[in-house]
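Construct all of the structure, not just a fragment, from the sequences and the given hints.
Protein chains in written order, with the working numbering: chain A, 436 to 700; chain B, 19 to 432.
In short, the hints are calculated from the structure, not lab data.
Treat the hints with caution; some may be incorrect.
Computed, partial: chain B to chain A, Cβ under 8 Å [to be verified]: (1) Ser218; (2) Arg234; (3) Gly235; (4) Thr236; (5) Glu238; (6) Leu242; (7) Pro244; (8) Gln249; (9) Met252; (10) Glu426.
Glycine residues also receive a C-beta, built at the ideal position from the N, C-alpha and C atoms.
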Amino acid sequence: MIEIKDLAKTFAYDKKEAKKKKGKTVSDPREGEGVFHAVKNVSFSCNAGEVLGLLGPNGAGKTTTLRMLSTALEPTAGQILINGHDVTKEPRYAQKQIGFLSGKTGLYHRLSVRENVAYFGRMHGLSRQQIDERIEKIFTMLDMHSFAGKRADDLSTGMMQRASIARAVIHEPKVLVFDEPTTGLDVISAKTVLDFIQSYKGSEMSVIFSTHHLHEVEKLCDRVCLIDLGETKFFGPTDEFAASTASGSLYDAFLASVNNKKEVA
Amino acid sequence: MWLVYKKELLEILRDKKTLIFSILLPTLIFPVLFFAIGKFTASKTEEAENKEIKVAFVNSITLPGFEDLFTREKGFIKVELESDDYKAAILDKKVDYIFHVPAGVSLPAESRKQEVLKVYSKESTRLDNILGKRVDDVVDAFNNTQRMELGRNFDLTTDNVKAFNKPILIEENNFASQREKTGEFAGPLLAYLLIALAVSGAMYPALELGVGEKERGTLETLLLTPMSKGQIVMAKFGVIFTASFFTVVVTLLSYLFWVWIFSFFAMDSSVAADPDSLTGKQSGGGLDFLSNISSLDLLLVAVLLVPLTSIFASIMLSASIYAKNMKEAQAYMSPIFMIGFMPVIVAFVPGMELNVKTAMIPVTNVALAMKDLIKGTVDYGLITILLISTAVLAGGLLYWTTVFFKKEKVLFRS
Chain A
436 MIEIKDLAKT FAYDKKEAKK KKGKTVSDPR EGEGVFHAVK NVSFSCNAGE VLGLLGPNGA
496 GKTTTLRMLS TALEPTAGQI LINGHDVTKE PRYAQKQIGF LSGKTGLYHR LSVRENVAYF
556 GRMHGLSRQQ IDERIEKIFT MLDMHSFAGK RADDLSTGMM QRASIARAVI HEPKVLVFDE
616 PTTGLDVISA KTVLDFIQSY KGSEMSVIFS THHLHEVEKL CDRVCLIDLG ETKFFGPTDE
676 FAASTASGSL YDAFLASVNN KKEVA
Chain B
19 MWLVYKKELL EILRDKKTLI FSILLPTLIF PVLFFAIGKF TASKTEEAEN KEIKVAFVNS
79 ITLPGFEDLF TREKGFIKVE LESDDYKAAI LDKKVDYIFH VPAGVSLPAE SRKQEVLKVY
139 SKESTRLDNI LGKRVDDVVD AFNNTQRMEL GRNFDLTTDN VKAFNKPILI EENNFASQRE
199 KTGEFAGPLL AYLLIALAVS GAMYPALELG VGEKERGTLE TLLLTPMSKG QIVMAKFGVI
259 FTASFFTVVV TLLSYLFWVW IFSFFAMDSS VAADPDSLTG KQSGGGLDFL SNISSLDLLL
319 VAVLLVPLTS IFASIMLSAS IYAKNMKEAQ AYMSPIFMIG FMPVIVAFVP GMELNVKTAM
379 IPVTNVALAM KDLIKGTVDY GLITILLIST AVLAGGLLYW TTVFFKKEKV LFRS
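Quick look at the structure:
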């Protein structure tokens, strides 16, 4: 189970950036004197077996939140607990429990798919036997055996994303974080990813799924958390969120909830 | 085409970093650096020109006025020899030049023939050449006075003519070994080559492992594993260091091999051309030169590259990690290469030598030490100081790279 309480992250501008910002009209309320509050107050939780949809416009603070959850960034304030363990205090525990996949996390192009996955297994301290067994299981599940020996730079986008999923789950994490995993994928590849996420529903795993595709949220997520301008605007069941507007559509609920209708420049 | 040209140019002009690194550096910073090096070279040359030269004279009583010319000239100091061992006196630096007037030599103006003087010295450096030139100037001045005397006499024989043209002929006896003389040229060449290879050998892997990983998204993936950032950066540093060091060592071995091959064939053909020269003394060129360099000296050349490649590996890895993209990283690499190479140029300014002070100047110290190792004139105590100072710097830079790598602002710079 994941619990995120009053999470905040502030970035200090460097001198050059601060000078550039000085005297200019503030376009984002998160901008402070020489600092930017990327995440101001985010709270949500995700139970085992649940898929939580993380929603928000571009620049809302979703990726920063997920990076804090994955220990890549250190929170300025607040708490992240994974099964009761504080991520900031026990980063190694968190890293062993989390599998992270985003559109930006890549593979080593000169290694084969199998080598890539095995490498990350070794990084997580798995034995060769454990790696072989898990690779067999995951590759079968994701239908990857046909391209297991191919170098990553020879893969199609869909194959690459499946290989990335295998890389993210090789250590059998208890928390899976997907940050816009279907961006740029064709319908068939996107379906593979969504089916994979779906397969974890009701398992021991907590899945956090960040996306801009609301139909995917409707299909997969039990609960949603909407982040806007670095703050949680809604956290609750997906149906309840959709029902917050007269139309009952997730799309309308989303538009009604975000303050900034224009993309942040 | 014009439209594309204009758009591309506009994009480049709006890229401030490209402007700084491709225009500001070559037009402003590099000329300033070259000017500084030029000034430093000039000051060192002036220093050499004003350096006190210790001269000794043996049996010069038969050449009245010869000694006086030296003692009157600024910068020369006459010393008395304590023994007849000229070589020891010169190598111990008790005297720089010994003028030995053989028995029977008198003033050419009186003998009406060319007289031959012997001069003993040790000339193996560019500084020595400057000093030697000053000595030659004084001898020439003496010759001029003699020529004036001879001019009064018109009863000229062949000897008289020779005497008129060059009343005093100097027979030079240079105590510098062939290794020192060859090493004076080969040492800097080797240092230039190896240091340039160390820098360029670190560049490609640094780009790959820093900004390359950032661009491919594998760096973020790596950060999510239970491996600490310190371990990750150390591993990356290790690869860059290995690649750089390997490039240098392989090149060094390859050059040694080819020098051996060419020398072998050169010796073979010289033997064929002159069968009587089978004395075992004929020159094997580079082979002779190489055979004089001990394994310890060659090993030390390689050892010197360890802290040096570490320095460049740390700097380049930091620059590569800091860069947002490959283009920005490449813009950083050229100045690092150029600025990193300046101390090598400084090392070979006449008068620069490895001492306690220069042993602490990064890169310059390694270049100077390499030259001395090749020449066979190295002070192993100074090598120890050099290794300690360079290792401290390399360690400091590596620590800084590790700290730098842990900064969120650097890793997620956008």
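Worksheet item: Given B/Glu426 was flagged as interface, is its beta-carbon under 8 Å from a beta-carbon of chain A?
Response: Since the shortest Cβ distance to chain A is 6 Å, the answer is holds.
Item to complete: With chain A as the partner, please determine if B/Pro244 meets the hint condition of a C-beta pair closer than 8 Å.
Response: holds, 4 Å
Worksheet item: Per the CB criterion, is B/Gly235 less than 8 Å away from chain A?
Response: holds, 3 Å
Worksheet item: Should the hint that B/Thr236 touches chain A count as held when the rule is a Cβ pair under 8 Å?
Response: holds, 5 Å
Discussion item. Can you verify the interface hint for B/Gln249: is its Cβ closer than 8 Å to any Cβ in chain A?
Written reply: violated, 10 Å
Practice prompt. Closer than 8 Å between Cβ atoms is the bar; does B/Ser218 clear it against chain A? Give me holds or violated.
Written response: violated, 21 Å
Item to complete: Grab the minimum C-beta distance from B/Glu238 to chain A and call the hint holds if it beats 8 Å, violated otherwise.
Response: At 5 Å from the nearest chain A Cβ, B/Glu238 passes the 8 Å test, so the hint holds.
Discussion item. Is the interface hint satisfied for B/Leu242? The criterion is a beta-carbon contact with chain A at less than 8 Å.
Written reply: holds, 5 Å
Item to complete: Hold the hint about B/Met252 up to the distance rule: shortest CB distance to chain A must be less than 8 Å.
Response: At about 15 Å, which exceeds the 8 Å cut-off, the nearest Cβ of chain A leaves the hint on B/Met252 violated.
Worksheet entry | Satisfaction of the B/Arg234 interface hint, Cβ to chain A closer than 8 Å | holds, 4 Å
The earlier numbered hints that this structure contradicts are 1, 8 and 9.
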